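Asker: Required output: the full structure, derived from the provided sequences and hints.
Each protein sequence line maps, in turn, to chains W and Z. Read in order, the letters of the first sequence correspond to residues 1 to 375 in the numbering used here. Read in order, the letters of the second sequence correspond to residues 1 to 375 in the numbering used here.
In case anyone wonders, no lab produced these hints; they're calculated from the structure. Source: prediction; values computed, not measured. Heads up, none of these hints are tricks.
The list treats identical chains as one, so a pair stands whether inside a single copy or across any two.
BS3-like, lysine-lysine: derived pairs with alpha carbons at most 25 Å apart: (1) Lys297 / Lys124; (2) Lys288 / Lys363; (3) Lys288 / Lys226; (4) Lys131 / Lys297; (5) Lys363 / Lys244; (6) Lys363 / Lys226; (7) Lys243 / Lys202; (8) Lys124 / Lys108.
Number of protein chains: 2
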Amino acid sequence: MTMNTGDFQLLATDDRARTGRLATAHGIIQTPVFMPVGTVGCVKALSPDDLRDVHAQIILGNTYHLYLLPGDELIARRGGLHAFSGWQGPILSDSGGFQVFSLQSLRKISEGGVEFRSHRDGSKHFFSPEKVISIQRNLNSDIMMVLDECVPYGADRGYTEKSLGLTARWAARSREAYPPGSGRQLLFGIVQGGFFPDLRTKSAQQVCSLPFDGIAIGGLSVGESKPLMLEIMRHTASLLPEKKPRYLMGVGTPMDILDGIEAGIDMFDCVLPSRNARNGTLYTSQGKVNIKRAEYKEDDGPLDPDCGCYACTRFSRAYLRHLYVARELLAYRLNTIHNLHYYLELTRCAAQAIAQGEFQSFKAKIGAVYDHDRL
Amino acid sequence: MTMNTGDFQLLATDDRARTGRLATAHGIIQTPVFMPVGTVGCVKALSPDDLRDVHAQIILGNTYHLYLLPGDELIARRGGLHAFSGWQGPILSDSGGFQVFSLQSLRKISEGGVEFRSHRDGSKHFFSPEKVISIQRNLNSDIMMVLDECVPYGADRGYTEKSLGLTARWAARSREAYPPGSGRQLLFGIVQGGFFPDLRTKSAQQVCSLPFDGIAIGGLSVGESKPLMLEIMRHTASLLPEKKPRYLMGVGTPMDILDGIEAGIDMFDCVLPSRNARNGTLYTSQGKVNIKRAEYKEDDGPLDPDCGCYACTRFSRAYLRHLYVARELLAYRLNTIHNLHYYLELTRCAAQAIAQGEFQSFKAKIGAVYDHDRL
Numbered sequence: 001m002t003m004n005t006g007d008f009q010l011l012a013t014d015d016r017a018r019t020g021r022l023a024t025a026h027g028i029i030q031t032p033v034f035m036p037v038g039t040v041g042c043v044k045a046l047s048p049d050d051l052r053d054v055h056a057q058i059i060l061g062n063t064y065h066l067y068l069l070p071g072d073e074l075i076a077r078r079g080g081l082h083a084f085s086g087w088q089g090p091i092l093s094d095s096g097g098f099q100v101f102s103l104q105s106l107r108k109i110s111e112g113g114v115e116f117r118s119h120r121d122g123s124k125h126f127f128s129p130e131k132v133i134s135i136q137r138n139l140n141s142d143i144m145m146v147l148d149e150c151v152p153y154g155a156d157r158g159y160t161e162k163s164l165g166l167t168a169r170w171a172a173r174s175r176e177a178y179p180p181g182s183g184r185q186l187l188f189g190i191v192q193g194g195f196f197p198d199l200r201t202k203s204a205q206q207v208c209s210l211p212f213d214g215i216a217i218g219g220l221s222v223g224e225s226k227p228l229m230l231e232i233m234r235h236t237a238s239l240l241p242e243k244k245p246r247y248l249m250g251v252g253t254p255m256d257i258l259d260g261i262e263a264g265i266d267m268f269d270c271v272l273p274s275r276n277a278r279n280g281t282l283y284t285s286q287g288k289v290n291i292k293r294a295e296y297k298e299d300d301g302p303l304d305p306d307c308g309c310y311a312c313t314r315f316s317r318a319y320l321r322h323l324y325v326a327r328e329l330l331a332y333r334l335n336t337i338h339n340l341h342y343y344l345e346l347t348r349c350a351a352q353a354i355a356q357g358e359f360q361s362f363k364a365k366i367g368a369v370y371d372h373d374r375l
Numbered sequence: 001m002t003m004n005t006g007d008f009q010l011l012a013t014d015d016r017a018r019t020g021r022l023a024t025a026h027g028i029i030q031t032p033v034f035m036p037v038g039t040v041g042c043v044k045a046l047s048p049d050d051l052r053d054v055h056a057q058i059i060l061g062n063t064y065h066l067y068l069l070p071g072d073e074l075i076a077r078r079g080g081l082h083a084f085s086g087w088q089g090p091i092l093s094d095s096g097g098f099q100v101f102s103l104q105s106l107r108k109i110s111e112g113g114v115e116f117r118s119h120r121d122g123s124k125h126f127f128s129p130e131k132v133i134s135i136q137r138n139l140n141s142d143i144m145m146v147l148d149e150c151v152p153y154g155a156d157r158g159y160t161e162k163s164l165g166l167t168a169r170w171a172a173r174s175r176e177a178y179p180p181g182s183g184r185q186l187l188f189g190i191v192q193g194g195f196f197p198d199l200r201t202k203s204a205q206q207v208c209s210l211p212f213d214g215i216a217i218g219g220l221s222v223g224e225s226k227p228l229m230l231e232i233m234r235h236t237a238s239l240l241p242e243k244k245p246r247y248l249m250g251v252g253t254p255m256d257i258l259d260g261i262e263a264g265i266d267m268f269d270c271v272l273p274s275r276n277a278r279n280g281t282l283y284t285s286q287g288k289v290n291i292k293r294a295e296y297k298e299d300d301g302p303l304d305p306d307c308g309c310y311a312c313t314r315f316s317r318a319y320l321r322h323l324y325v326a327r328e329l330l331a332y333r334l335n336t337i338h339n340l341h342y343y344l345e346l347t348r349c350a351a352q353a354i355a356q357g358e359f360q361s362f363k364a365k366i367g368a369v370y371d372h373d374r375l
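Answerer: Here it is in structure tokens:
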């Protein structure tokens, strides 16, 4: 079946879990999907060929970082982020909101947008919903995200309610700045509402009433407890339209991702696998491995006997440990290859399990190894 | 023609320059050859496949570093450095002498050997000629080097003469510790003698009288002027037996290597291309490029249009600059791939030029771009 850019086709469901296909300007993505984070136009330590080898389908670029370095206009003059970076598959760009709102004392919010100072050089900048669309147009990403306010954890009901109103007005302005049919880039809205289920409902109603190509859940994994994250995630997922792709932003551990899939989420991103890789924490079919540990000094076995990645098929735990302890740059690349391969395989196998109506037993199998992570 | 391990076959000469083949336990090396430096069992930032892709024939491992981390006995238990690191081509191990003698105040020389403190943790160690052979036996390198004293630049005639006597006695003890025919590992002697031509002659006579598989020139590029380095290098090279491979240790720039080839040297190693790569200095057919420079910000062309390496065929100068400025780990890998490819291509083309009797015009072509480097 031919798909047009923006088409989202559900292939199978298993209770709330679902597998489908989303067509973007740079190819079709099979969901559920994990998106490696390529902050400044590069997934740290990896080349585009490494990404292809770990079967990445789509990567994420950070609007905030790319705007500051090397600059979105420079990237536009290079032909966009695909041409610039050499990654020819789909790219999702975030709105920069999460980074800007993490700057805390360095930013000032108004109806028009958010003023902030660069973490690099202290220079002053202003992101409006329209500006953020314009930056993402310059990047020519396949999926753009609207600017939203990420409410800090602990914000009270009054603040959160006021904030979600702003987020909704910004969402409408974003869509107006890039109306449906303007181009081949897709635009996703973001539901906020903090940790108040009724405010999540309100935000979902507002955002889902706009003609977005997909809907994201923002504002989770910001310091709350795991049960609270799961409660709000499940509640919010249940409010989202069935016919659009659903994206859970910035979450999480392998079990978080399976919990998300169970709740009907289609897309995920998180720095966890790549950041942990650089810290020597590796995800395997037998659980987490801290490759620094002395017990691996003389371990000639592969990191994960069930893994087909380059690190596992070519090197021993002893050598990976040695590279890590010696702070060799190759360690970061091999560890990142492995962890991303694990996450991508996890979502690929989840899709397969859903198609076969066996998602629960698949999740239980992974949960037998990773359940402690959620505690 | 079948070659046995240790066989060295001259294929062609062009004045003093020569091209040949050296058979090692892990394959035949075409000379002249450049050997990338893989300090702790890894050429910094590269995988074994990257090394194969840049056409590395043989890499170098540092005995001093590998002895300290992860330890030669651990490597022996892993099946040697090839099995441990995944690099299946030939490996040359140095003797550790250069590193130990660089420790200055941390080492004490005696007839028996040299006592030193680790730069890592201050722990005390002792290298004797026999110990260094034993370490390299554990590494199972294809070519072992004898322990020698690297005389510091500026040492007077008296010290240098006394030292080369020690180096000669250590050379004899090294050969006795691993007599010809003991195994498939080759053993090279090292000529010292500082910057006194007659002492170089004396050292060459002593070292070349022993049954080594090859002879190296040590103690150059230690702070002396370029003309003095070239004078001593040429003088020493002319003293070495024609039928054995000749190795100029730790030298140098592209033109140094061509000067060495012109003087009849067959093998080279140097940290320069890989270290410069990590500092953003790249060797191209058009001269050195400092990739940090603002002029490359919007340069969509390849780093070197005449280069077939992964960095040049897949990425623009603009992207390479961006990766470098953003301190992305991929920058170090791509830059290293490029610089090593340049050096390896340089020696490969030199071999071809020698075979065609056109070495001088080849050298002049490179010299038109790189001559300033020697000043």
